[in-house]
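Asks: Chains A and B supply the protein sequences, listed in that same order. With numbering that gives the first Met the number 0 as the guide, the letters of the first sequence map in order to residues 0 to 243. With numbering that gives the first Met the number 0 as the guide, the letters of the second sequence map in order to residues 0 to 233.
Misleading hints may appear alongside valid ones.
With a straight-line cut-off of 25 Å between C-alpha atoms, the simulated BS3-like cross-links for lysine-lysine are [as the list claims (entries may be wrong)]:
| id | chain 1 | residue 1 | chain 2 | residue 2 |
| --- | --- | --- | --- | --- |
| 1 | B | K145 | B | K166 |
| 2 | B | K53 | A | K93 |
| 3 | A | K15 | B | K226 |
| 4 | A | K133 | A | K93 |
| 5 | A | K15 | A | K2 |
| 6 | A | K15 | A | K220 |
| 7 | A | K220 | B | K53 |
| 8 | A | K2 | A | K220 |
| 9 | B | K53 | A | K69 |
| 10 | B | K166 | B | K127 |
| 11 | A | K40 | B | K230 |
| 12 | B | K13 | B | K145 |
| 13 | A | K15 | B | K230 |
| 14 | A | K40 | A | K193 |
| 15 | A | K69 | A | K93 |
| 16 | A | K15 | B | K229 |
| 17 | A | K15 | B | K13 |
Just so you know, these hints were derived from the structure itself, not from any lab.
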Amino acid sequence: MKKIRLTPLFFRRIHKWVGLILGLQFVLWTLSGSVMALLDKDEVAAHDHSMGHAHPLPEGAYFDVAALSKGEPVQGVVLRDLGTRPVYEVRTEKGVRLVDATDGAAISVDEGLAREVASMMNEAPIRQVSLLPKSTLETRDHEGRMWRVDFSDAENSSAYVAADTARFIVMRGDTWRTWDFFWMLHNMDYLERKSFNHPLIIFVAFGTLWLSGTGFYLLFKSFSRADFRWLRRRKKPVVRTLTN
Amino acid sequence: MTIRWPLVIRRFHKWLALLVGVQVLLWTLTGFYMVVVHIDTIHGDHLVRSPVVKPFDLAGLASPSQIVAAVPGASEIRLQRHFDTPVWRAETPDGPRLFDAASGRLLADPTEAQIRALAQRIYTGDGKIVSVQLLTTAPQEMQSRKPPFWQVEFEGWNRPTLYLSPKTGELISRRHALWRVFDIAWMLHIMDYEERTDVNNPLLRIATWSAFAMAISGAWLLVWSFKRRKKKKA
Numbered sequence: 000m001k002k003i004r005l006t007p008l009f010f011r012r013i014h015k016w017v018g019l020i021l022g023l024q025f026v027l028w029t030l031s032g033s034v035m036a037l038l039d040k041d042e043v044a045a046h047d048h049s050m051g052h053a054h055p056l057p058e059g060a061y062f063d064v065a066a067l068s069k070g071e072p073v074q075g076v077v078l079r080d081l082g083t084r085p086v087y088e089v090r091t092e093k094g095v096r097l098v099d100a101t102d103g104a105a106i107s108v109d110e111g112l113a114r115e116v117a118s119m120m121n122e123a124p125i126r127q128v129s130l131l132p133k134s135t136l137e138t139r140d141h142e143g144r145m146w147r148v149d150f151s152d153a154e155n156s157s158a159y160v161a162a163d164t165a166r167f168i169v170m171r172g173d174t175w176r177t178w179d180f181f182w183m184l185h186n187m188d189y190l191e192r193k194s195f196n197h198p199l200i201i202f203v204a205f206g207t208l209w210l211s212g213t214g215f216y217l218l219f220k221s222f223s224r225a226d227f228r229w230l231r232r233r234k235k236p237v238v239r240t241l242t243n
Numbered sequence: 000m001t002i003r004w005p006l007v008i009r010r011f012h013k014w015l016a017l018l019v020g021v022q023v024l025l026w027t028l029t030g031f032y033m034v035v036v037h038i039d040t041i042h043g044d045h046l047v048r049s050p051v052v053k054p055f056d057l058a059g060l061a062s063p064s065q066i067v068a069a070v071p072g073a074s075e076i077r078l079q080r081h082f083d084t085p086v087w088r089a090e091t092p093d094g095p096r097l098f099d100a101a102s103g104r105l106l107a108d109p110t111e112a113q114i115r116a117l118a119q120r121i122y123t124g125d126g127k128i129v130s131v132q133l134l135t136t137a138p139q140e141m142q143s144r145k146p147p148f149w150q151v152e153f154e155g156w157n158r159p160t161l162y163l164s165p166k167t168g169e170l171i172s173r174r175h176a177l178w179r180v181f182d183i184a185w186m187l188h189i190m191d192y193e194e195r196t197d198v199n200n201p202l203l204r205i206a207t208w209s210a211f212a213m214a215i216s217g218a219w220l221l222v223w224s225f226k227r228r229k230k231k232k233a
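Chain A with its partners taken away, still in its complex shape (with noise of 0.2 Å):
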């Protein structure tokens, strides 16, 4: 067996061999990153939940509290206001029902009620309404049945409003997918573009290592005193003087 000699050249094949492995994911991974780092931060995430509007509850008197049951164990009521109307979230095993909160009488979140809420976020006109089975990539950090309300505007907006709480979930415009895409050629997770602790990307960025090491090894053996020539041509001789 031959010996191996830690040259230049060994570094130099590392380099190589690496680079035709890896290198189209390092290849994405630089563009995706010039894409993300393009792409304004503020379009992007332009509205999440955080940014729903809060409505400050009318004050009156408010269905009675002990009514909400209805027989089953409750394990949480929240009281808030849709903007048009105060309404209790009662939470129970079987998942949250909607309850108006002066009457008691119960809610169902129909288009209307998402129409409403996907308005107070975007006053573009809606172009079309659909109801959601379960989140989709859009999103995918939220659970259950929802609303997806499309509005007509520069962005091919798209609100999300929870069908059991009428909660406004998330915004969703162009600029977002297109960094979605590229965010998912970065994290490698093309099927969920979710996760980005998953074995395929720790493998090759562990690979990718020895891409840039080597590579920035070989920069120290690659440039001579002569490619610098160019930079002390132009210094205009040093007048030295002593001091002391």
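Could you slot chain B onto chain A? The hints should help.
Replies: Chain B in isolation, oriented as in the chain A frame:
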């Protein structure tokens, strides 16, 4: 004169590498750290217990009307537990407040002893509390949150720290050594050395596109060098 492309591209690759080499090395190192340590660990999910879900007795509670009257402008009133007693938590323009759910009376701010007890309840580890402080200015690791808050540090190599609300005693955030390293890694990764949040800064944009050009020229050289070898052999 014909242009010797391999030479030109090699020079291009070399000089770009000189320009962004250190940063590319940092990207791969910090990137490696971020993919290896699971994000749930970084977030400190393992440090805290999630609140117990158990049914409330809704009979005999103070009406929310009383709470809304006490804190005008409240946007949300929520039934939850403080230690083991049910409370109404009101989200007001001045931050959250707790009311005894039975009497409807405003609860006094938790004392230091209560904060200690709450932190012990939330924390999953066995370590003792090392220090408890009420902070009025946010440390670097809590830059995104508005003070004041209680800072409760536990013993342990990773210096687990919980931040609790001074008004409600609720958990605001948790930090530990791996999070702190991640935060530095993230800062180096996005090259925003002050706020650590701006992913659009000009320095990053220049560096990323330079790295892309370096990578593409490297790829060109790679294809060229393997082709040349084939030609030689033939």
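Asks: In ascending order, which of the hints set out earlier in this document are inconsistent with the structure?
Replies: 7, 11 and 12
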